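Read top to bottom, the protein sequences are chains A and B. Its first residue numbered 1, the first sequence is counted upward by one per residue in this note's numbering. Its first residue numbered 1, the second sequence is counted upward by one per residue in this note's numbering.
For the record, the hints were derived by calculation from the structure and aren't laboratory data. Please note: incorrect hints may appear among the correct ones.
To be verified - Negatives, chain A to chain B, calculated, CB over 10 angstroms:
id, residue
1, Leu110
2, Ala128
3, Gln135
4, Tyr156
5, Phe181
6, Gly192
7, Pro220
8, Asn222
9, Gln344
10, Leu364
As the list claims (entries may be wrong) - Taking CB as the label site, the calculated pair distances span:
id, chain 1, residue 1, chain 2, residue 2, range
11, A, Pro324, B, Ala327, 47 to 57 angstroms
12, A, Gly230, B, Val137, 52 to 62 angstroms
13, A, Ala209, B, Gly318, 48 to 58 angstroms
14, A, Pro227, B, Leu298, 43 to 53 angstroms
15, B, Leu260, A, Pro157, 53 to 63 angstroms
16, B, Gln33, A, Met314, 47 to 57 angstroms
17, A, Gln152, B, Ile322, 45 to 55 angstroms
18, A, Pro157, B, Phe171, 18 to 28 angstroms
19, A, Lys178, B, Phe171, 54 to 64 angstroms
20, B, Ala302, A, Ser154, 30 to 40 angstroms
None of these values were measured; they are calculated from a predicted model. Positions of the beta carbon are idealized from the N, C-alpha and C atoms, including for glycine.
Listed below are the residues making up each chain.
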Amino acid sequence: MTITNKGRLGATCALAVTAALVLSACSSSGGGGAAVNTPGVTADSILLGTTQPLTGPAAPGYSKISAAMNAYFKFANESGGVNGRKITLKVEDDGYNPATTVTKTNDLVLKDNVFAMVGALGTPTHTAVLDFLKQNKVPDLFVSSGSRSWNQASKYPDTFGWQPDYTVEGKVLGDYIKKTFAGKTVCSFGQGDDFGTDGAQGVELTLGAGSLKTKQTYTPTNQNVGPQIGALKAAGCQVVTLFTVPGFTALALGTAAQLKYGPQWVISNVGSDITTLTGFLKDATTPLLEGVVTDSYIPIPSDTSNSWITLFQMVNTKYNNNVPFDGNVEYGMAMAYTTLQVLQAAGKNLTRQSLLAAVEKGGLTGPGLVPFRFSSTDHSGYAGTQVVIVKGGVATPTGSIYTTDDGSGALTEYSTPQPQAPTNGLPQ
Amino acid sequence: MAAVLAWMKGSTLLRHLVLLVLGVVLVIVLTDQLQEYQFIHLGILGAYICAAAGLTVLVGLNGQISLGHAALMAIGAYTVALIQNHFTDQNVTGLWVLPICLLAGAFVTAVAGAVIGVAAARLRGPYLAGATLTLGVALPPITSHFTSLFNGDQGLSASIQSPPTSLGYNFSFQHWQAWIGLFCALVVLFFLANLNRSAVGRHMRAVRDDEIAAALCGLSVPRIQITTFAVSSATAGLGGGVLAVMLGARPGAFDLVLSLTLLLAVVIGGLGSLTGAVIGSVIVVYLATFITDRVSGLGLSASSTQNLTNNLPSAVFGLLLIIVMLALPGGAQGLLRRLLALIPRRTTQPTGGQK
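With the rest of the complex left out, here is chain A (with noise of 0.2 angstroms):
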């Protein structure tokens, strides 16, 4: 193992780092080819781009989600696409790891050439690429989270959101816990991130600064929740809202069970998937369920006679190899139809600022309860949600549609019906 010829060390360091960038420079060739003016769009085409969790502590549920927006845009191209365009989306896999996120979206953006990023999964993920996008002027449409950071027109002008932001959600629920279970005390479970944050933030503006009693957090690479379960259990919490993803639901149920610990859960939408927790708690779910309050702000995913549901299970059967219908693939094909829409309004010719404008013209409708907020100064997504109850493994909507701001407004009944669903599943 002794180094000898130290002499031609340095020579062969150098030739090696040359062969690494002249081997990099060769595998470049296969890249590109796009048009020159528009990155992503070809005269009958369109490719889009998303980093999502297929595998890591998130993939559970939100795996689907990508695969369901891919069996949408199927559908819609063999009804002749978009203005005549062909939609293709580049699914890249990121493993809820920020790191990975970055290097991903690079690929994406500069060596695919991506025309847009689309749904984008993920908010300690994504908020790690705003920045390059922003940079890029990459259109970031739809980022699949519910955190405010994606609302900020005037620092992130190419990136929207697309749920109701975890804020508005808190709220909603919030007011539930308010008027429901008055006098009980109310703590928080939630991600150790804006995703935890903004919930609870939200749950405290309409219960008051400092109602929550405890805030317990998690991060998604410990899996043990133990500690905090029993810090909630210590509390004396009677009410707990738990702002989590599937698996982590399922970790808090599932801990809290064997500590003979049984609150009542309030659960956000993002993390409360029955399908999805069923795959975690088996034959436990209904159970461990029974009287959980969330919300959702599309219809339930279990309402066959909701024309939007059943028209997605039509496109689920026919391009999604007929996976379990649930909450991830309602949530990809509704939001893949929005995509579709603002695609389609952004005109014939195609261009990332149309595509902008289309989106910050608003007035969209579709597979949601409640409308949109996109303006020009607003790029949050849903304004509102409605309460959901879980009953002997049934969830079932309760109460108004309530649109609301991310701030100190007060919440708003909504009643305008939900437009039917077009009898050929594409935006007209």
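Take the given structure of chain A and dock chain B to it, following the hints.
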């Protein structure tokens, strides 16, 4: 000319300086030919080279082992991100800011490494491996306990300034990142190559070869071991700082897999060889991408592609490691040396003469 060459031959420092300058020129010329998306990967390669070069000195030249180098990189990354963001908050700008931050990252990590080195100097073989492994597993999650400072799993983005305008309007931020990463790697290689040829380097090897003999020669074995650990940590800290420039300081980037990948790079490249560390880093950074690109080109179903891209690189790395251990104990660098030896060349020694 001949005199200059002879002079260069005599002076290690000068020879390495010339190579450093050549390396810098090479980076400038070659990065100019590349496409935008490759820059971030080159920057990451730079970070890997920094850390792997330090690790190969620790393992190959000093006979210690570390399975926790990713944790040391994390220390460097968070130091750089915190200081850089502090400067940005105070509106302190200038070309000197980033080098100061990177130096601070290397320094803080060196101090941490020296402290760990004190413990490491008392441990041997598997016990040292176990201790450093614990460090690697335990340190990054600390970030989620002090969320207000480290921002949990989301981590910190380092707000790096745009490249100086003197480089031209078309000089992108990514290009600048690649420069930062590769220049840091060159500086580390230059520094370690000189160290290697110095008395300290000889002491390191003496301790590796036989601790008792080294002690009998009057060397302080623990002191040399601690020094090596600190040096290795400093370069790991710099590598971490570079990674913070590319990806931000995020705990997910500094997991056990990174520690093991670095060791893999060092072993595949050839233990104790800086050239080997460079070759090994190139292999671990680009082989996975190479494999996943080939897999996507096969046109398999989405789920098979997903399974293959997730698992095939690890399998190939494992296989490669076994092959290298069995067939090429000297690693890629050893192979390279054997190949170079096959090329007949004019020898500079007097030939055929009688003594």
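For each hint, the structure was consulted:
Against chain B, the non-interface label of A:Leu110 is violated: not every CB pair exceeds 10 angstroms, the least being about 3 angstroms. At roughly 6 angstroms from the closest C-beta of chain B, the C-beta of A:Ala128 falls inside 10 angstroms, breaking its exclusion from the interface. Distance check for A:Gln135 against chain B: the nearest CB is about 6 angstroms away, which does not clear 10 angstroms, and the non-interface claim fails. A cut-off of 10 angstroms between C-beta atoms confirms that A:Tyr156 is not in contact with chain B; the least separation is 13 angstroms.
Listed as outside the interface, A:Phe181 is consistent with that label: its C-beta sits roughly 28 angstroms from the nearest C-beta of chain B, beyond the 10 angstroms cut-off. With a closest Cβ-Cβ approach of about 4 angstroms to chain B, A:Gly192 is found to fall inside the 10 angstroms limit, against its non-interface label. Once the 10 angstroms rule is applied to beta carbons, A:Pro220 is inconsistent with being away from chain B; the minimum gap is 6 angstroms. Chain B draws A:Asn222 into its interface by the beta-carbon criterion, the shortest separation being 6 angstroms against a cut-off of 10 angstroms.
The beta carbon of A:Gln344 is kept farther than 10 angstroms from every beta carbon of chain B, the shortest such distance being approximately 26 angstroms. The beta carbon of A:Leu364 sits about 29 angstroms from the closest Cβ of chain B, which is more than 10 angstroms, so the claim that it is off the interface holds. The hinted window of 47 to 57 angstroms between A:Pro324 and B:Ala327 holds, with their beta carbons roughly 49 angstroms apart. Under the hint 52 to 62 angstroms, the C-beta atoms of A:Gly230 and B:Val137, about 23 angstroms apart, miss the expected range.
Our hint of 48 to 58 angstroms for A:Ala209 and B:Gly318 holds, since their Cβ atoms are close to 54 angstroms apart. A hinted range of 43 to 53 angstroms for the beta carbons of A:Pro227 and B:Leu298 is consistent with their spacing of about 46 angstroms. For B:Leu260 paired with A:Pro157, a C-beta distance near 42 angstroms fails the hint of 53 to 63 angstroms. Taking the beta carbon of each, B:Gln33 and A:Met314 are about 51 angstroms apart, inside 47 to 57 angstroms as hinted.
At about 51 angstroms, the beta-carbon gap between A:Gln152 and B:Ile322 stays in the expected band of 45 to 55 angstroms. Separated by about 24 angstroms at the C-beta atoms, A:Pro157 and B:Phe171 satisfy the suggested range of 18 to 28 angstroms. Between A:Lys178 and B:Phe171 the Cβ separation comes to about 56 angstroms, which falls inside the hinted range of 54 to 64 angstroms. At roughly 39 angstroms, the beta-carbon separation of B:Ala302 and A:Ser154 lies within the given 30 to 40 angstroms, and the hint holds.
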